[in-house]
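Starting from the known structure of chain A, fit chain B onto it as the hints suggest.
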Amino acid sequence: MDNISKHITENEVIDNFDNKLSTLNLGPTHPATHGIFQNILKMDGERIYSAEQTCGYIHRAFEKISERRPYNQIRPLTDRLNYCSSPINNIGWDMTVEKLIGAEIPKRVDYLRVIIMELARIADHLICNSVIAVDTGALTGFTYVFQERERIYEIFEEICGARLTTNIGRIGGFERDFNETAHKKLKDFLKGFPKRFKDFETLLCRNRIFMDRIINVGPINADRALNYGFTGPNLRAAGIDYDVRAMNPYSSYQDFDFKIPIGKSGDTFDRFMVRQEEIKQSLNIINQAVNNLPEGPYHADLPEFYLPPKEDVYTKMEALIYHFKIIMGETNVPKGEIYFSVEGANGELGFYLISDGGRTPFRLHFRRPCFIYYQAFSEMIKGALLSDAIVTMSSMNVIAGELDA
Amino acid sequence: MDKEKLLNLINRQFEGIVKSHSEEYGLLCIETETTNIFNLIKWLKEDSSVNFNFLTDICAVQYPESGDREFAVVYHLHNLKENFRLKIKIFTSRDKLNVPSITDIFSAANWMERETFDFYGIIFDGHPNLCRILNLDELDYHPMRKEYKLEDGTRTDKDDRFFGRKGNEKITFDNKKQLARDNG
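Chains A and B, in that order, give the protein sequences. Using the working numbering, you'd call the opening residue of the first sequence number 1 and step up by one each time. Using the working numbering, you'd call the opening residue of the second sequence number 1 and step up by one each time.
The following block holds chain A by itself, in its conformation from the complex:
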């Protein structure tokens, strides 16, 4: 038979026929990858022979932009890292700056922050876990918990006016205290959520089809997970109880009583179950925080960083000056080099900040958890079926915005 293309020689055709490997381009846009990820898979039939991930499709150069922006204006950038739980990123950034300037934060702010961060963690875990189910073909659970995520977003909306990219909080505390409606919505959520979460859990956790699809899929052992820099639920699923909240408590996490669930084999089932348990623990933390919420101011006394009330700006000279300086980004911070990390919803989110004393950071580097652990993906899916790779990927909770920064 004659070759139609002059570029294909006969030998090549025979080679391809012999080794039977075919190349499959999964992504960059693919309905099953939940974001812009490209995986180039070498397939032997339905089995994955080798895989290679590429990233950078939505790189927005946040680190570079940060070198030009005043400290107050970097918070909106952090929204867009892990956008499923932006409040954790926002508050993490605020706390980094507070540590740099040595601010003292009132207890009430710490507790309010804990409430918001744990709500964000619940929202993030709900999406991740329900999407695992969607990828195995079970769409119902997803519709259950999306209603709950909606309730969480309504609470955020009441606190800061935004839902997804929240820009919540300020350096030193919050823009305003929780209002009556926020407290009411929070109370309703805490009351109604456990039952509806139970519905979700009974739908999936002992569901034979679901278990068959995720048990022993995409496993990684503790050694490899540590070597690959895993953090968060993925590391805990492999059996290592590293949690920044417990190890280096920030924002008064030491006041709360919570457990750190761990898994055994680091497979998709363990990751799913660890997240399920973490949702319950987060709910427990929120309940403790709401019940023991201290009285006091909702922001620290930091006139150089925290905007004064508007009526003071119009009537008092000093407030007007501070207002101008903050808005124009004219506040200098002390020189210093600092690494601060919080437990993000998918791992240790770190901020490595170098300040030369000017109005903007000299260098800012984000330690983005999923950028680091996504490297392990090709090792985890080697020899697995294509449909297992899809489930493994959604169970790793890789968020495109954070991966590409």
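Check before you lean on any hint, since a few could be wrong.
Keeping only pairs whose Cα atoms sit at most 25 Å apart, straight-line, the calculated PhoX-like set for lysine-lysine is [stated by the list, open to error]:
| id | chain 1 | residue 1 | chain 2 | residue 2 |
| --- | --- | --- | --- | --- |
| 1 | B | 3 | A | 99 |
| 2 | A | 264 | B | 81 |
| 3 | B | 146 | A | 64 |
| 4 | A | 259 | B | 81 |
| 5 | B | 89 | A | 64 |
| 6 | A | 64 | B | 96 |
| 7 | A | 99 | A | 187 |
| 8 | A | 264 | B | 45 |
| 9 | A | 335 | B | 19 |
Residues from chain A that keep clear of chain B, each with C-beta distances beyond 10 Å, as calculated [claimed, not checked]:
| id | residue |
| --- | --- |
| 10 | 83 |
| 11 | 143 |
| 12 | 161 |
| 13 | 205 |
| 14 | 264 |
| 15 | 404 |
Don't read these hints as lab results, they were simulated from the structure. Just so it is clear, CB atoms sit at the ideal spot from N, CA and C, and this is done for glycine as well.
Just chain B, lined up with the frame of chain A:
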């Protein structure tokens, strides 16, 4: 594990390897030579008396016009058992950007080093696949370096001098007037 004990252990193992050390915001930072970094990190990870079993982060920093110390590569290590963090810094110059890769010690270093290469052009010797990761393959410069300005220098609404800072040297009051005059 405390600061003194760790420094003693390192000094006993590698005589004179620590060029300087400091502590800022509770994080111990040691500086060493580029040639020592591989052996130091390998020992820190594998020796049971120190046991830094977790690589938190690698990134680079540029200090413009500092000669031999223009580029710094910063390693963050973490001993998870005793919860002790350590920062290691090495410095290189612009014409000697080669640094040993530590991918053989930590698999996690693979993408971190690629990212550092991508943005600063640090060349990690021994890296299995040192190519760009977040930027375009066709890009012919390393964009996080300080010589590449972020925003258009001709914008007048962001003139730094109006706020008492240096910068945007191109436009001055004098040549603005001059320009206005030239345009009639």
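Structure-based check of each hint:
1. 3(B) / 99(A): holds, 21 Å
2. 264(A) / 81(B): holds, 18 Å
3. 146(B) / 64(A): Within the cut-off at roughly 9 Å; holds.
4. 259(A) / 81(B): holds, 18 Å
5. 89(B) / 64(A): Distance of about 21 Å is within 25 Å: holds.
6. 64(A) / 96(B): holds, 24 Å
7. 99(A) / 187(A): This hinted pair is violated, its Cα atoms lying about 32 Å apart.
8. 264(A) / 45(B): holds, 24 Å
9. 335(A) / 19(B): holds, 22 Å
10. 83: holds, 17 Å
11. 143: holds, 35 Å
12. 161: holds, 27 Å
13. 205: holds, 30 Å
14. 264: holds, 18 Å
15. 404: For residue 404(A), whose nearest Cβ neighbour in chain B is about 6 Å away, the distance does not exceed 10 Å, so it is violated.
In the structure shown, a violation is registered for the earlier hints numbered 7 and 15, in ascending order.
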